[in-house]
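Here is what each chain is made of, one letter per residue.
There are 2 protein chains.
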Amino acid sequence: MAKKVGFIGLGMMGNPMSKNLLKAGFEMIVWNRTVSKMKELVDLGATPAGSAKDVAQKTEVVITMLTGSADVQQVILEKNGVIEGLRPGSVVIDMSTISPSASRDVATEVARSGANMLDAPVSGSVGTAVMGALTIMVGGDEEVFEAQRDVLAAMGKNIFYMGTHGLGSYVKLVANSIMGTYMAVIAEAMCLGAKAGVPTEKMVEALKNTGASSRVLDLKSPLVLEGNYKAQFMLKLLFKDLGLALDTAASDTVPLPIIGLVRQYYAQALVEGRGDNDFSAIAAMIEKRAGTKLSKP
Amino acid sequence: MAKKVGFIGLGMMGNPMSKNLLKAGFEMIVWNRTVSKMKELVDLGATPAGSAKDVAQKTEVVITMLTGSADVQQVILEKNGVIEGLRPGSVVIDMSTISPSASRDVATEVARSGANMLDAPVSGSVGTAVMGALTIMVGGDEEVFEAQRDVLAAMGKNIFYMGTHGLGSYVKLVANSIMGTYMAVIAEAMCLGAKAGVPTEKMVEALKNTGASSRVLDLKSPLVLEGNYKAQFMLKLLFKDLGLALDTAASDTVPLPIIGLVRQYYAQALVEGRGDNDFSAIAAMIEKRAGTKLSKP
Numbered sequence: 000m001a002k003k004v005g006f007i008g009l010g011m012m013g014n015p016m017s018k019n020l021l022k023a024g025f026e027m028i029v030w031n032r033t034v035s036k037m038k039e040l041v042d043l044g045a046t047p048a049g050s051a052k053d054v055a056q057k058t059e060v061v062i063t064m065l066t067g068s069a070d071v072q073q074v075i076l077e078k079n080g081v082i083e084g085l086r087p088g089s090v091v092i093d094m095s096t097i098s099p100s101a102s103r104d105v106a107t108e109v110a111r112s113g114a115n116m117l118d119a120p121v122s123g124s125v126g127t128a129v130m131g132a133l134t135i136m137v138g139g140d141e142e143v144f145e146a147q148r149d150v151l152a153a154m155g156k157n158i159f160y161m162g163t164h165g166l167g168s169y170v171k172l173v174a175n176s177i178m179g180t181y182m183a184v185i186a187e188a189m190c191l192g193a194k195a196g197v198p199t200e201k202m203v204e205a206l207k208n209t210g211a212s213s214r215v216l217d218l219k220s221p222l223v224l225e226g227n228y229k230a231q232f233m234l235k236l237l238f239k240d241l242g243l244a245l246d247t248a249a250s251d252t253v254p255l256p257i258i259g260l261v262r263q264y265y266a267q268a269l270v271e272g273r274g275d276n277d278f279s280a281i282a283a284m285i286e287k288r289a290g291t292k293l294s295k296p
Numbered sequence: 000m001a002k003k004v005g006f007i008g009l010g011m012m013g014n015p016m017s018k019n020l021l022k023a024g025f026e027m028i029v030w031n032r033t034v035s036k037m038k039e040l041v042d043l044g045a046t047p048a049g050s051a052k053d054v055a056q057k058t059e060v061v062i063t064m065l066t067g068s069a070d071v072q073q074v075i076l077e078k079n080g081v082i083e084g085l086r087p088g089s090v091v092i093d094m095s096t097i098s099p100s101a102s103r104d105v106a107t108e109v110a111r112s113g114a115n116m117l118d119a120p121v122s123g124s125v126g127t128a129v130m131g132a133l134t135i136m137v138g139g140d141e142e143v144f145e146a147q148r149d150v151l152a153a154m155g156k157n158i159f160y161m162g163t164h165g166l167g168s169y170v171k172l173v174a175n176s177i178m179g180t181y182m183a184v185i186a187e188a189m190c191l192g193a194k195a196g197v198p199t200e201k202m203v204e205a206l207k208n209t210g211a212s213s214r215v216l217d218l219k220s221p222l223v224l225e226g227n228y229k230a231q232f233m234l235k236l237l238f239k240d241l242g243l244a245l246d247t248a249a250s251d252t253v254p255l256p257i258i259g260l261v262r263q264y265y266a267q268a269l270v271e272g273r274g275d276n277d278f279s280a281i282a283a284m285i286e287k288r289a290g291t292k293l294s295k296p
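For the record, the sequence lines run as chains Z and P.
Residues 0 to 296 in numbering that gives the first Met the number 0 are what the first sequence spells out, letter by letter.
Residues 0 to 296 in numbering that gives the first Met the number 0 are what the second sequence spells out, letter by letter.
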């Protein structure tokens, strides 16, 4: 019999992720705070639930894919939340990017119901989610993780078990902090060449063959060259993640001077109204500050 | 008849580069300030010269591969330097990483002799130089560049013409500034995960499948995991390059706040005596500051 999987949070990422679970043959129960977002999934064969609690009552595995720590706490812990419907042996897989400490707090509450939680944040864009090729970093009990590999494999290609509760979230914050810094320093350094007269397109081609080579350079430089900042991963969400990294680092006494500075950069971009753009729009702010242009004429 | 190529600066990079020119069939005249470094090349069939001037008198193309701006100015412009031996139509190819302004000054002097200069700094390690697979970024007159493609192709696989004099040097500084920042932020961010208990090796494997993916992560994380900082590219040389980038940016009024901060990191590593290590030794400084360990136990 097919595993019954609940999915809460049918946004830009949750929509394709839940579709891939349906495609993989899981029996899906879905719920979304904005009810209209359930329609597409229901049309494809998912069963709509009446609340987060309802999802948990009807399934053995509940996935949450929400924006921030507060959303996850609300949907799981508050009235009519997941926790009220959990049964012993149920598993909650939170795939949102939230703070490791919030994730651990929720895991503790979930454990009180005799259920288990995994933090399993994802790396990849909407396109990667559609292809079922996300990278998933998992924290929690290893046997619980192994028992849910089939569910995770429907959404992701590269699945990594990191260790105890919260460590999936930690690695996600590490990844996004590095990615955000790559983007900012690529733009910053390229302004030096652009202002001197190096054609940006030629510069990018050369940089791809140097120590500046990175996935960010490959994927984002074409957008920067076009000045096309349509969101794949919104700048304001990266700003949120950098904040989570810095807050966590402050609790753990880990100095992060570069990431601290980089977050100020993104803060300035927010002030300039670029929050709903792709995070690569940091390049538009940086080129303006430098008095040059990275996009092709 | 084979082109006569002079090579000055037979150090860690110059040695394999000049060997590849010999292998490609060029008639080689070599010179090095430390005379003993010529022996190996002479044994392989190169002709030793008595001075930089002597090299220029006997060749049509003179390559310089030296440490810094002062070395290049000395070897090319001072007494018994290249400039005294240049003939109209000769070409000087400086492959050192020096400041774009110094490079342009030397190019102007070289032009006064009726000769031409290209700035053609390289990206890649000693291993890449041995394989003749360097990336070469070229500034100068385009026809002069095209006429020397055969010479450059003996040393490099990816050869990019960037534009007028100095622009090759600019792009090299952009590349190394980005690379040095990648390395520092990878180490900084990974300390957040490591201190929380994520095994570094697992973290690296996951990060390679996220937006943190980069050539630096691929090539340097194994060294960081081993705590093996034997120099492939010395930290003190990266520190020099970051200084060149910042000085150039100051002249050109380009703000580089991230790269400025990153250079302070490398300055601290120099104070700690890590200058002769590989630049990835910045990780050893950062993990110590964070009170954690990135290398495997």
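Treat the hints as calculated values from the structure; they're not laboratory data.
The model shown is predicted, which means the values in this text are computed figures rather than measured ones.
From the three backbone atoms N, C-alpha and C, an ideal C-beta is built for every residue, glycine too.
Heads up, some of the hints might be wrong.
Here are the simulated BS3-like cross-link-like pairs (lysine-lysine), alpha carbons at most 25 angstroms apart as the crow flies [to be verified]:
| id | chain 1 | residue 1 | chain 2 | residue 2 |
| --- | --- | --- | --- | --- |
| 1 | P | Lys207 | Z | Lys207 |
| 2 | P | Lys239 | Z | Lys156 |
| 3 | Z | Lys207 | P | Lys235 |
| 4 | P | Lys156 | Z | Lys201 |
| 5 | P | Lys207 | P | Lys36 |
| 6 | P | Lys78 | P | Lys207 |
| 7 | Z | Lys36 | Z | Lys287 |
The following label-pair restraints were derived from C-beta to C-beta distances [stated by the list, open to error]:
| id | chain 1 | residue 1 | chain 2 | residue 2 | range |
| --- | --- | --- | --- | --- | --- |
| 8 | Z | Glu77 | P | Pro254 | 43 to 49 angstroms |
| 9 | Z | Glu271 | P | Leu260 | 18 to 24 angstroms |
| 10 | P | Gln263 | Z | Leu43 | 52 to 58 angstroms |
| 11 | P | Lys38 | Z | Thr252 | 52 to 58 angstroms |
| 12 | P | Leu218 | Z | Pro254 | 24 to 30 angstroms |
| 13 | P | Gly24 | Z | Glu145 | 58 to 64 angstroms |
| 14 | P | Asp42 | Z | Gln263 | 54 to 60 angstroms |
| 15 | Z | Pro254 | P | Pro221 | 21 to 27 angstroms |
| 16 | Z | Lys229 | P | Arg86 | 17 to 23 angstroms |
| 17 | P | Glu141 | Z | Gly272 | 51 to 57 angstroms |
| 18 | Z | Asp246 | P | Leu260 | 19 to 25 angstroms |
| 19 | Z | Pro254 | P | Glu225 | 55 to 61 angstroms |
### Query
Checking against the hints above, which ones are violated?
Failing hints, ascending: 2, 5, 6, 7, 16, 17, 19.
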